[in-house]
Each structure stands twice: as structure tokens, then as C-alpha cells.
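Peer 1: Protein sequence lines, in the order shown, are assigned to chains L and A.
Numbered by numbering that gives the first Met the number 0, the letters in the first sequence go through residues 0 to 130 in order.
Numbered by numbering that gives the first Met the number 0, the letters in the second sequence go through residues 0 to 292 in order.
Each hint should be verified, as a subset may be incorrect.
Here are the computed lysine-lysine pairs in the DSBU-like style, where the Cα-Cα straight-line distance is at most 35 Å [said to hold, decoys possible]:
| id | chain 1 | residue 1 | chain 2 | residue 2 |
| --- | --- | --- | --- | --- |
| 1 | A | Lys-122 | L | Lys-14 |
| 2 | A | Lys-147 | L | Lys-86 |
| 3 | L | Lys-53 | A | Lys-18 |
| 4 | L | Lys-53 | A | Lys-147 |
| 5 | A | Lys-162 | A | Lys-99 |
| 6 | A | Lys-147 | L | Lys-14 |
| 7 | L | Lys-14 | A | Lys-162 |
| 8 | A | Lys-102 | A | Lys-154 |
| 9 | A | Lys-102 | A | Lys-21 |
| 10 | A | Lys-4 | A | Lys-18 |
| 11 | A | Lys-116 | A | Lys-154 |
| 12 | A | Lys-146 | L | Lys-86 |
| 13 | A | Lys-116 | A | Lys-102 |
| 14 | L | Lys-86 | A | Lys-30 |
| 15 | A | Lys-154 | L | Lys-86 |
| 16 | A | Lys-146 | L | Lys-14 |
| 17 | A | Lys-154 | L | Lys-14 |
| 18 | A | Lys-122 | A | Lys-147 |
| 19 | A | Lys-14 | A | Lys-147 |
| 20 | A | Lys-30 | L | Lys-14 |
Far from chain L, some chain A residues (derived; all Cβ distances over 10 Å) [to be verified]:
| id | residue |
| --- | --- |
| 21 | Glu-11 |
| 22 | Val-77 |
| 23 | Gln-219 |
| 24 | Arg-274 |
Since the hints were made in silico from the structure, they are not lab data.
If you're wondering where the values come from, they're calculated on a predicted model, not measured in any experiment.
C-beta atoms are modelled at their ideal positions from N, C-alpha and C, and glycine is treated no differently.
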Amino acid sequence: MADTMQFDLVSPEQKLASLQVSSVQIPGADGQMTAMPNHAPVITTLRPGVLHVKGPEGDVSYAVTGGFAEINPEGLSVLAEKAIPMKDASMSDLEPVVEAARTAASNASPETRDMAELLLADLETLLEDMV
Amino acid sequence: MPNLKDLKNRIESVKSTRKITKAMQMVAAAKLRRAQEAAEQSRPYTERFNAVLGGLAAAVGTSDGAPLLLRGTGSDQVQMLVVMTAERGLCGGFNSSIVKLAKARAQALLAEGKTVKILTVGKKGREQLKSEYADIMVDHVDLSEVKKLGYDHAKDIAVDLLKRFEAGEFDVATIFFNRFQSVISQIPTAQQVIPASYDAPESEEGSVGSDYDYEPDQDQILADLLPRGVATQAFAALLENGASEQGARMSAMDNATRNAGDMIDNLTIEYNRSRQAVITNELIEIISGAEAL
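Here chain A stands alone, though its shape is the one from the complex (with noise of 0.2 Å):
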């Protein structure tokens, strides 16, 4: 039989991790508040420069004159995997579904016979890659120490990606990231960013017609808005995962206070039952003594 102090002992260490919990839970819901009003904030940006990148990408097309950006290189050699993941643990599957994403991915390319590179955006999702793909992983990039995801940390990782592009070491690149769609559901997304797939905008409304004056020229403007948007597709992505991140740890947390719940009532019931065991003992010993006299 369980010691009664054992039992109370781990009925209050539940207790306290449920209080913990319980916390981690609420921080993550006012985070999560936070995180999709910043996704809500740079939706307009978002739209209106694909809806002008779209217009200007389809008037140019993707003739040889086209910026290598949009076009790509004309191989698929080379591809590099961006993996965006969180920098800390406590969120169910979040890392776990990106970087599994992400393996497939580099699987399927290997198995085709193709080199593939690895960045990594966040803590958790290199440890989980460190150590199949540690050869083939270039670089990472630490958000650890940051508060408050702004538009320049999305350049950053875009500068780079630029750079690195330019300087012909991969040919496509593609960025892994959780899309948010509820608080319980964040889908995993591969998303291309170079080269650049624009979808030219099919409606009238919010459409740019080829009657625009550019200046200075189209393809300066091209030019000009195509690294932009490589970097407007890296803040879109990262905010997104932001918010899944925060929805993700929301609802795991939620499930470990619940979980802790119950098994504080089940020892409870079991301290309860131990407790009433050791009284009855008590008065049979009592009772039996008081008989034999």
C-alpha cells in the first residue's frame, strides 16, 4: 500500500505543475492575441504588394529578359530548405510538425538525386534536424533573444537569403512554416519564395492594369520589389508561425492542466481510499484488543 505521504506529496508537486501550466496557458492567449493582431496588421502591406509584384511579375513574364529572381536559374539542382520553427519547447507537436515536414522534403530531394541545404529559424527546430542533417545544415538564425518579431528580422533572413542566391549557391529556395488556422489547428506549409511565384491577380478590383506609369522603368521596379518581396514573404511566414507557435503551446497547455486535473482527482480518490484503509485498520486493532481482554 502507498504511503499516505507519499500520495499527499505528489497530489500537491501535481498540484504546483498544474499551477504552472494553468500559467504558461494564459501567457500563451494573450501572446497569441498579440501575435495574430500583428498578422492582422500586415495584411494590408502583404496584399496590396502582391496584388502590384503579381501585376508587374505577369506583365514582365518569364522571358529571358525577366530578373533571375522570378525566373530562377533554370535548374532545381540546388535547393535550400528554410525551417522555421520556435525557439522554445511546450507546444505539442509545433516543432515537431515542421521539422517532419521538412525531413520528407529533404528526403524526397536527396532520394531524387539532389543537393539540398538546410537554414534553420529558431532553436528547436536545429536540434531536431542537428542530428540526421548535421553536414548539410549552413546556418541559423537565433531569434532567442527576441521580444517582438519586427519587419527587420524578416529582412535579415532575406538579405541572406539574397545573398546567397546571388552568389549561386542554391537555385530554389523554399520556406517550412506552421500556418495558423485555429488555436487547434496550425498547418504545416512549404512555401517557394525564390524563384518567385507570383499569381497574377485574376479580379478587376484589386488588379494592376498594364495603364500604369512605372517610374523609373518596369524593370528597375522589378528589380527593386522582387528582394522586397522575398522579404515580405519571410515576415508574412514568420508571423504566422508566431501565432502558431503561441496557438499551439495555448492548447497543449490547456490539455497538461486538464490531464493534471484529472490526476490529481484519481490520487485523491486513492489518498482518500489509502487514509480510510489505514483507520480501519486502526479500530480492528483497537476493537480485537478490547475483545481479548
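Bound-form chain L, shown alone (with noise of 0.2 Å):
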């Protein structure tokens, strides 16, 4: 088996990484789920929070405002509608995903609300922890 799979993160403005990982841990709709080589092919669509990806150069991660991702047994696409590298981010970058997080927990039916308010509160514990 791989150990090792391509990983793509676009936003409409750019190109922002494109490398091989071992492993990324998305913000699905359903929930959080982790993407590993040889993983079944899925759509989903991504609620704003933050991508773990874990790779043989490191850990990055990034604050996504929602999109979608592409999971197929060779790889994996991001398509984000705005993604900011979380090293880079500053306070004032991460407000409007923590705001969009907000509206979508706050919007989401019963069943995904657990789900959307823990998003939420990883993303406040984040921004937390920045100041």
C-alpha cells in the first residue's frame, strides 16, 4: 500500500499547495474525516474549519471557509472557497471563517447541529489560542 498520496488545495485566486501526504483530516459535511491513501472515492462538501494534513515534510494546516473535496484512491482535491495557510493567518484573516462557521451553526438542521457548534468551537479555541 501507498504510504503516500497527492494533495491538491485550490481556491479560485490560487494554487495553494500541491504535494504528497500521508494523511488529511477534513471538515466533511457529515463530519470530521480523515483522507489516507486508498481511501474509496467520495465527494463531499466542506463546512468551514480547518485542514490537518500530515505529510512526510510536515504538518500544515488550513483555516477552509468551505468548498468542497475530492477523495479518490490516488488522491486528494480540495476545492476551497477561500483557504488560508494557518501559520500565515492572522486574526483578521480568520474572523470571516470563524463568522461563516457561525451562520452554519446556527443554520444547520438538528441532526448535523452537534457537529457544525463543534466546528465551531475548534475554530474559537483556535483563533484562542492565537491572541
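Reconstruct the complex from the two isolated chains, following the hints.
Peer 2: See the structure below:
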């Protein structure tokens, strides 16, 4: 089994990443999911949240405001509406992300509300950590 | 005979005009490069997006269960024309060619008895359309304060369009913009965005097979992606338009610079001739004065 897969992160304005990774955790519509090599093909929409990328070159995180991800056995493409690398992100960059998560959480249907709120909580902790 | 001083003044003024057009040409060249880079950067997203959406749309088809955005309202009575032009002039036929195409379409639709609504993006198009179609122009998006085109601008346009679509204000929306071919050639293009028309991917390579799992489910993803598709198309159109505008301006300013150069040459010849005539005249006067003595 291959231990890495191709990971592409693109937003409409630019291509943010294209590299070999071992796993990626994404904020999927039905909950957090982790994509690993040889994953079954899935297309999922994203909630506003954080992408955790683990790879041979170290771990990277990106804040995304939503979009969708396409997973197949060879790799994973994330098409994010807006994505910001966490290490470059500043408070002002992240606030819209959290705001989007907040609206998503308040609009979520009862079954998915837990997840949305969990994500929101994650993001808010993240934001607090940065201060 | 034109006055020597007047000629000299004219040469000076044309020279400064040439400096300005030369500077504008170089600014446009730099901006064009940036605009092309931006268009280049957005391409992977757009391609991927269209491949996924194309696959999904093909799977759902145009059955009754398909979202309105995909199959349309079943009517084409009310047409929305989104005319994208530049905020600034001095770019050759750039603005006029889009407006011309949009006007032709509006005329044709009106002749068929359809209702036409116009939404303009960019000041120049609005100015040109205002005289004829002021009563059917529903809104205007002003981008004159925008330094760098972002996805957000396209999204705002798309959100506005979708709101109007959901409110039943129109059945079909078409975007008018210039597709960037090269610096000297931009093609005015009309692209229908609502209802969306996505080609199912033909090649096996980029295609999205039906063996995908969908999370949540296919319909919901489609409902989520289609509005985004409108924004993506609007963004692509804005970028193409941006690159075209700079390309058109660059070649227009290049022409203007060359014309100014020709004009300076002609004026300089005329100036030298007149000066020579004055000298000859003075000589004749001196010589005939001397002979008279």
C-alpha cells in the first residue's frame, strides 16, 4: 500500500498546495473525516473549519471557509472557496472563517447541529490560542 | 503660412501626449501580466470544479427532480443580460464591442417578444447602454474602487443574481464579456450561466465516475455546488475581461504612441519648411535691399 498520496488544495484565486501527504483531516459536511491513501472515492462538501495535513515534509494546517473535496485512491483535491495557511493567518484573516462557521452552526439542521457547533468550538479555541 | 510659434507649441503638446500614451501602454503591459497570472491561477480550480459538476450534472440529468438552477424554469420569457465592461475608457474597442454584442442580443430578444433585463458591471457599459435601455436596466455593480479583482466580487454578483433568480425575476441569465485571445484580439462572448449548462466530461482522465460516494448525498451536493458554479463562472468571466481590458488598452496605447510619433515627424517637417521659408524671405529682403542701393 502506498504510504503517501497526492494532495491538491486550490482556491479560485490561487493554487495553495500540491504535494505528497500521508493523511489529511478535513471538516466534511457530515463530520470530520480523515483521508488516507487508497481511500474509497468520495465527494463531500466542506464546512468552514481547519484542514490538517500530515506528510513527510511535516504537518500543515489550513483554515477554509467551505468548498468541497474529492477523494479517490490516488489522492485528494480540496476546492476551497477561501483557504489560508494557519501559520500565516492572522486574527483578521480568520474572523470571516469563524463568522462563516457561526452562521453555518446556527442554520444547521438539528441532526448536524452538533457537528457544526463542535467545529465552531474548535475554531474558537484556535482563535483564542492565537491571541 | 502657419505661425512658427504655433507649430512649435503643437509639436510640444503632441510630444507630451506621446509620453502619456507610452506610459499608459507600459502600465497596461504590467497589469496585463498580472491579470494573466490571475487567470492562470484560477484555472486549476475552475477545471476541477467543472469536471466534478459536469459529472454530477450528467448523473442527475434534466429530470424533474433536478435543481432549478440546472434545468431552468422551463421558460425563457424573461432574459437577464449581465454586461461586463471596464471601469475606464481608452482601451480601443473593448467596451464598445461588448456593448454591441449585448445590444444585438437585446434587440433580437425584444423582437421575439421576450422581456429583457440588463445588469451592468463596470461604468463604461452602463454609460453606453443608458441612452437606449435606461428603463430595463435593473442594477449596476460598481468595481471602480477595486484594485485587485477577487473571488468575493464575483461571489457578490452571483449572490445578487441568485437572489433575483429565486425571486423569479428572470428565467435565463447570460454573461457578456470579452474572452482574452491575445493582446490584439479579444472576442466578445455571451455565456449562459442560469440555467447552467455543463458538459459531461468526455475523457476518462478528468472525469468523475459514478462510483463515487457522496457525502451528504448527490442532490445536496449539487444544490450546494450549483450556486458556487455561478460564482465560479462569473469570476472566470471577470478575470478574462480584466486581461482583455489591459490587452486592448495596451494595443490601443501602442497605436496612439505610434500615431503621435508620425504626427511629430510630419509637424517637424512642416516646422523646418516654414523656418526655411522665413530665412529665404529674409535673405531675399536683404539682397534686394542691397541691390537697390
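Peer 1: Give a verdict on every hint.
Peer 2: Hint check:
| no. | hint | verdict |
| --- | --- | --- |
| 1 | Lys-122(A) <-> Lys-14(L) | 31 Å, holds |
| 2 | Lys-147(A) <-> Lys-86(L) | 24 Å, holds |
| 3 | Lys-53(L) <-> Lys-18(A) | 55 Å, violated |
| 4 | Lys-53(L) <-> Lys-147(A) | 33 Å, holds |
| 5 | Lys-162(A) <-> Lys-99(A) | 28 Å, holds |
| 6 | Lys-147(A) <-> Lys-14(L) | 17 Å, holds |
| 7 | Lys-14(L) <-> Lys-162(A) | 30 Å, holds |
| 8 | Lys-102(A) <-> Lys-154(A) | 26 Å, holds |
| 9 | Lys-102(A) <-> Lys-21(A) | 33 Å, holds |
| 10 | Lys-4(A) <-> Lys-18(A) | 21 Å, holds |
| 11 | Lys-116(A) <-> Lys-154(A) | 20 Å, holds |
| 12 | Lys-146(A) <-> Lys-86(L) | 26 Å, holds |
| 13 | Lys-116(A) <-> Lys-102(A) | 12 Å, holds |
| 14 | Lys-86(L) <-> Lys-30(A) | 30 Å, holds |
| 15 | Lys-154(A) <-> Lys-86(L) | 26 Å, holds |
| 16 | Lys-146(A) <-> Lys-14(L) | 21 Å, holds |
| 17 | Lys-154(A) <-> Lys-14(L) | 19 Å, holds |
| 18 | Lys-122(A) <-> Lys-147(A) | 17 Å, holds |
| 19 | Lys-14(A) <-> Lys-147(A) | 32 Å, holds |
| 20 | Lys-30(A) <-> Lys-14(L) | 20 Å, holds |
| 21 | Glu-11 | 45 Å, holds |
| 22 | Val-77 | 29 Å, holds |
| 23 | Gln-219 | 8 Å, violated |
| 24 | Arg-274 | 59 Å, holds |
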